[in-house]
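Going left to right, the sequence shown walks through residues 1 to 137 as this note's numbering numbers them.
None of these hints come from the bench; they were simulated from the model. Note that CB positions come from ideal geometry on N, CA and C, so glycine has one too. Check the hints yourself; a few may be wrong.
To be verified - Between beta-carbon pairs, the in silico distance windows are:
| # | residue 1 | residue 2 | range |
| --- | --- | --- | --- |
| 1 | N6 | A107 | 31 to 39 Å |
| 2 | A25 | K129 | 31 to 39 Å |
| 3 | A99 | R40 | 44 to 52 Å |
What the hints assert, rightly or not - Below, computed lysine-lysine pairings styled on BS3-like, alpha-carbon distance capped at 25 Å:
| # | residue 1 | residue 2 |
| --- | --- | --- |
| 4 | K53 | K73 |
| 5 | K73 | K32 |
| 6 | K73 | K96 |
| 7 | K122 | K109 |
| 8 | K134 | K122 |
| 9 | K96 | K53 |
| 10 | K135 | K122 |
| 11 | K103 | K53 |
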Amino acid sequence: MLEISNNILLDDSEWEITAVRAQGAGGQNVNKVSSAIHLRFDINASSLPEFYKQRLLALSDSRITRDGVIIIKAQQHRTQGLNREDALLRLQQLIKGVAVVRKRRIATKPTRGSQQRRLDSKTRRGSIKSGRSKKDW
Numbered sequence: 001m002l003e004i005s006n007n008i009l010l011d012d013s014e015w016e017i018t019a020v021r022a023q024g025a026g027g028q029n030v031n032k033v034s035s036a037i038h039l040r041f042d043i044n045a046s047s048l049p050e051f052y053k054q055r056l057l058a059l060s061d062s063r064i065t066r067d068g069v070i071i072i073k074a075q076q077h078r079t080q081g082l083n084r085e086d087a088l089l090r091l092q093q094l095i096k097g098v099a100v101v102r103k104r105r106i107a108t109k110p111t112r113g114s115q116q117r118r119l120d121s122k123t124r125r126g127s128i129k130s131g132r133s134k135k136d137w
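With the hints as constraints, model all of the structure from the sequences given.
In structure tokens, the structure reads:
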């Protein structure tokens with residue numbers, strides 16, 4: 001069971017975990033041991049509330065396919081068990097991150113003082129640059 005919030009739990013049957021060989025250097029063991037984990041989670045077939053599904057499918061994340069399947073590859077650790085925990089933790093964080101509704105930004109105008117300071121600095125910078133040019137005395 002994966003706990004997303006107090007009232008949302010995901011059953012183990014909702015994701016598919018496959019052990020694969022990890023990439024990169026690893027010595028003699030790298031070709032024998034399948035310590036990396038591929039986690040596949042189908043958003044549409046899951047028991048998540050509709051709000052979570054819509055927000056997940058709207059994300060522009062490279063881990064989410066066009067079919068609505070989240071694919072997470074965990075290969076940071078040397079053991080399969082730790083990589084499995086890491087993959088599930090990353091899935092949990094992805095789903096929890098979608099639940100946070102961001103505060104809407106209210107557009108404001110720059111103050112008169114900030115506008116004046118910006119124009120003054122532009123004038124000062126222009127005079128510095130004009131002072132660098134060759135003068136014909």
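Do the hints match the structure? See the list:
| no. | hint | in the structure |
| --- | --- | --- |
| 1 | N6 / A107: 31 to 39 Å | 36 Å, holds |
| 2 | A25 / K129: 31 to 39 Å | 52 Å, violated |
| 3 | A99 / R40: 44 to 52 Å | 21 Å, violated |
| 4 | K53 / K73 | 21 Å, holds |
| 5 | K73 / K32 | 18 Å, holds |
| 6 | K73 / K96 | 19 Å, holds |
| 7 | K122 / K109 | 19 Å, holds |
| 8 | K134 / K122 | 21 Å, holds |
| 9 | K96 / K53 | 12 Å, holds |
| 10 | K135 / K122 | 22 Å, holds |
| 11 | K103 / K53 | 20 Å, holds |
Hint compliance for this structure: hints 2, 3 are not met, and every other hint is.
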